Amino acid sequence: MTNALEVEDLRKSYRDLDALKGVSLTVPEGSFFGLLGPNGAGKTTFINVLVGLVRASGGDARVFGHDVEDDYRQARDCIGLAPQEFNVDRFFPIHEVLEHKAGYHGVPHEVAAERADRALKQVGIYDKRDTRFDWLSGGMKRRFMLARALVTDPDLLILDEPSAGVDVQLRRDLWDLVTELNEEGTTVLLTTHYIEEAERLCDEVAILDRGRVVTVASPEELMDRGTDRVVIALREPPASADALSELRPGDDRIEDVSLEEDRLVVTARQGGLVAPDLVRELDRAGHEILDMEIKRTSLEEVFVDMTRHEEGDGRPDGDGVDGDDDDEGGNDRDDDAPLETAATGDREGSR
Amino acid sequence: MSGDGRTVDLTGFLTLTKREVLRFLRRPSNTFAPPFITNVLYFSVFGVILGERVGTITGVPYILFILPGLVVLGAVSNSFENASFSIFHGRWNEYIHEVLTSPLSYAGMVGAYVLAAATRGLLVGGLIAAIGWAIVSALFRPVPVEEPVYLLAFMLVITLLFASLGVIGGLAASDFDDLTVMNQFILRPLVFFGAVFYSLEDLTPLLRDVSLLNPMVYMVNGVRYGFLGVAEVDPRLSLVVLAGMTAAAVGLDVLLFKRGYGLTD
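Just so you know, the protein sequences line up as chains F and W, in that order. Residue numbers are given in UniProt numbering: position 158 of the first sequence equals residue 158, and the series is strictly consecutive. Residue numbers are given in UniProt numbering: position 174 of the second sequence equals residue 174, and the series is strictly consecutive.
Extracted from the complex, chain W is given alone in its bound form (with noise of 0.2 angstroms):
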């Protein structure tokens, strides 16, 4: 035996959240340059290319309009990605016994495993905000971070929420399709009706209206508000429902955990 519950806890949190950080870093090619490439991608043509023919939307150039979004984009799916396909990819294999037989509590196994998405979706945000940053300050002018408290916050309830929402989709996926699927067909439409690529005053009142049920839009707008200071939300109201989500979600996890749901017989 190795000690009182406490450092078992505590140490075993750390020791599975170091291995959940150090298998997406270890891995550069498949964790970091997909989102690279592929941002680079969408900055050249969607913000360079075509930018200079939509000019400002919200007073901003189009290409830092949609930096925030592509910001969220990346941190979101990424967050979800790793949290969903390591819990299923150890459930496939079954080394996720390696943890299950462990003395770690249920909230200590939850809180690695979105610690460590949410570390991925953050690291994977950064770097397509440097992106971004560096081809607006080629293009124009270096821009400051308007509000750097809210998209701090902002950044770390939807890695947080999304790497929660992964920890389910890895509990419930029963084939790595099904990972697929609530990528590709859940998550990206979601993000890209969430006011990503256009602004919500360009739409009819009705779509307006429906699009405000998605919570994508609140967290790309949130975000937008931490980086250039303009919302067509209340942020703070974002911010709070998106932090009472987050909550709810991890909450969730450690009860799915603790009744073995898609872990045990």
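So that you can see chain F by itself, here it is in the shape it has in the complex (with noise of 0.2 angstroms):
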């Protein structure tokens, strides 16, 4: 089976950053990719390299086999891509700007128009059809990007921080549209802020840190890799932890025995697993339990703690590099633009 993506050492330097130090990933044809990472992780930069908006200082970058430099034209026809910011064309209604966009990937007009009805159809904004941009609502301005990234049939829909500041409701909209094109065989690359979005949507995670891939696998695999806490009230506590040190009898899984409240607190790799060793030993050394809770770590807590560097350590927070930001629309330039476009037709936007 083809892969979706294949990229190899990829890199990208600025004149004083490194924002890309040798990635390389595959993205399995047909998959449900979380990319997950800090401010300046350099997220954004490793889409924009397979879109054609940044060139690769290093390294191959190849889309359903077809390199995003030689054979840009066939990887960049395989892309649809809904990017944080609103880039869109401000000069024609909304489903003109969709049947262009089709138009640009070699969809002939009668087709193109039926898209991009489609799309906005998908995305629940048909009603807008003849309304510009700049009138949509936030939470429309973030449909509409999703309907401009499906306008042109993609083989692999690349989502740049798709919820990024909009309500619960659409956010599950959203989840639902995405995980049945996922369903119907499009890859999704996805990334994100909200790490129960890539927890509960994605096959497979890549955490990338510092322009490096961390780690990749399910987000199953690295919850594992987390410690659980496993909290047991017992009957009659005893006064300290150390009574009860024969409950870890060579189990590497079990890293802390404490009590907390008249608790028994026990953190855990797998305390799922560990659990019912737990209560055997606790029976068998005679404690009665009144109620036993397994708390599982989430893949936040596995996240921060991968990429959680030294205060003054030189990570580059908010560089600038990534323009992920946390805030609705991330960087749309047109709000400082000295003009505002088409939309008021003053003499910069429009000669």
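Just so you know, these hints were derived from the structure itself, not from any lab. Be aware that a few hints might be false.
[To be verified] Label-pair restraints from in silico Cβ distances:
| id | chain 1 | residue 1 | chain 2 | residue 2 | range |
| --- | --- | --- | --- | --- | --- |
| 1 | W | Pro189 | F | Leu17 | 51 to 61 angstroms |
| 2 | F | Glu29 | W | Arg188 | 53 to 63 angstroms |
| 3 | F | Val111 | W | Gly260 | 43 to 53 angstroms |
| 4 | W | Leu10 | F | Pro28 | 32 to 42 angstroms |
| 5 | W | Ser29 | F | Arg200 | 45 to 55 angstroms |
| 6 | F | Ser137 | W | Leu10 | 56 to 66 angstroms |
[Unchecked claim] To spell it out: a stretch of chain F is covered by chain W in this simulated footprint if at least three of its residues, at any positions, have a beta carbon under 8 angstroms from a beta carbon of chain W; those stretches are:
| id | segment |
| --- | --- |
| 7 | 75-89 |
| 8 | 197-204 |
It should be emphasised that the depicted structure is a prediction, and the values quoted were computed from it without experimental measurement. Glycine included, each C-beta is placed from N, C-alpha and C at the ideal position.
These two chains come separately, so use the hints to put the complex back together.
Below is the structure:
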């Protein structure tokens, strides 16, 4: 089976910053792949190399076997990108923007018009088809970004922070739609700050930090690498945790045993598997268990742990390379432009 | 995916050209009204009021003499402005990414921007010619176009040339002020010193020789030959040189797009 994405030793250097330091990744066709990382990790740079907006300093990247530089046209034709920034043509109503985008991909006008309508219906803003992008609400703008990515019928859908700043309902709508597309065969590459999103949607995630891939694994595998907490209430708790030292006879999964407010707290990897052994040992030692709760480590905790840095270690936080801020709309430069472009029809917006 | 490369490129090229043309057609108050008003004023003040005092130049009424130059001024400045503004505005607001992330070839992208901008130049040039012809016909008599093939060829070449120069301007600009500087401080002086309002014969030998270094002289001269059948410089040579410059400028555009100059990080 062809891989949707094969990246080897991808590097990108700016003047005084190495944004990508040899990223290697493989994304299987049909998978739902997550790219996690803190601000400045290099996620958006990575994506922009794939679509031709950033030129790599070294390494190779292939989309469905097409090199992103040598076979750039075939590679780009495979990709539908919903970037974090609102980089949309402001001169035309949104249905025309979609028709144009499809046309750039070689879709004849009549088919492009049908696809534009379909994409707008898919994301639920068909009734706004004659509106310009500037007049859409924040949530609708985010929906439109997805519609634009879909209108070319891509084999690889790249979503860069698709749910940044959107409300819960819209986020769930987006999740449902993207999941459906993935089930129909579209490969999805998702970057997100919402760890829950990756946990819920992705088959596999790569954690990117400071331009390097820290790890690639399924969310479940990653969570297994974290430590769970097994909290047990005993009828007669001992005076100190030392009295319970018999609980860990050579089990290297158990990292710590303590007493917190009369409850026994066992910190262990794969807490779900450790718990039955704990129950047996406690029973054997004559303790009566009143209640037990397993608090599973979250992907977020694993993520934070893997990307944690000491203060002052030179992490390029907020350096602007990634552009993946947490605010809605990201780096929407139009807000700062000296013109309100086509919408207001002022001089600079309409020459 | 959408189809084979050639289909994608032709459809993509036509779509981008259409998008670019619609952008200026749908905003006539910004694209056609200003040259209309400006040229009515030019013809009224320079052609009618001052023209009566000037009399004839190279055997034709002054208003008829300046008409080709004003057509060139409007055509080239609109070609340049359309391409440079469209590219820079797209860069500024980043919506040019819609094009850059598509499977369109770099030649297809450049071709669409250049062709659409040249179309605007031709339309504005035609508008100015119509205004001038209407006034000339009212004041004197209807005058036929003496060399229509040359006129068309020169208009095509100069609008394509300035459209392709506009692409370079749009890629090189880092601010909207840069576009104004290019238009007001480079383009207009070249046109005004390009023998639009005067004959080269009226200049001293030194100034005439210096003027011949200005490419605009050949453009104005060529278009004037097309309209009036009189030329101060060999129109065939001018056409060949200008066509060569156009080909070079388009080639440079494609190279800049390919290298991502002003477009990619």
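Problem set entry | Satisfaction of the hinted span 56 to 66 angstroms by the C-beta atoms belonging to Ser137/F and Leu10/W | violated (37 angstroms)
For this session: Evaluate the given range 53 to 63 angstroms for the C-beta pair formed by Glu29/F and Arg188/W.
Result: holds (56 angstroms)
For this session: Check, residue by residue, whether the segment 75-89 of chain F contains three or more positions whose beta-carbon lies closer than 8 angstroms to a beta-carbon of chain W, and give the verdict.
Result: Since three or more residues must qualify, the claim that chain W covers the segment 75-89 of chain F holds, with 10 doing so at under 8 angstroms.
For this session: Return holds or violated for the Cβ distance of Leu10/W and Pro28/F against the range 32 to 42 angstroms.
Result: Holds, at about 34 angstroms.
Problem set entry | Whether the CB-CB distance between Ser29/W and Arg200/F falls inside 45 to 55 angstroms | holds (51 angstroms)
Problem set entry | Status of the given 43 to 53 angstroms range, CB of Gly260/W versus CB of Val111/F | Check failed, 30 angstroms falls outside 43 to 53 angstroms.
Problem set entry | Cβ separation of Pro189/W and Leu17/F, checked against the hinted range 51 to 61 angstroms | Once the Cβ atoms are compared, 42 angstroms apart, the range 51 to 61 angstroms for Leu17/F and Pro189/W is violated.
For this session: Verify the coverage statement for the segment 197-204 of chain F against chain W, using a C-beta to C-beta distance below 8 angstroms and requiring 3 or more qualifying residues.
Result: Violated: only 0 residues of the segment 197-204 of chain F have a Cβ under 8 angstroms from chain W.
Consistency with the previously given hints fails for numbers 1, 3, 6, 8, ordered from lowest to highest.
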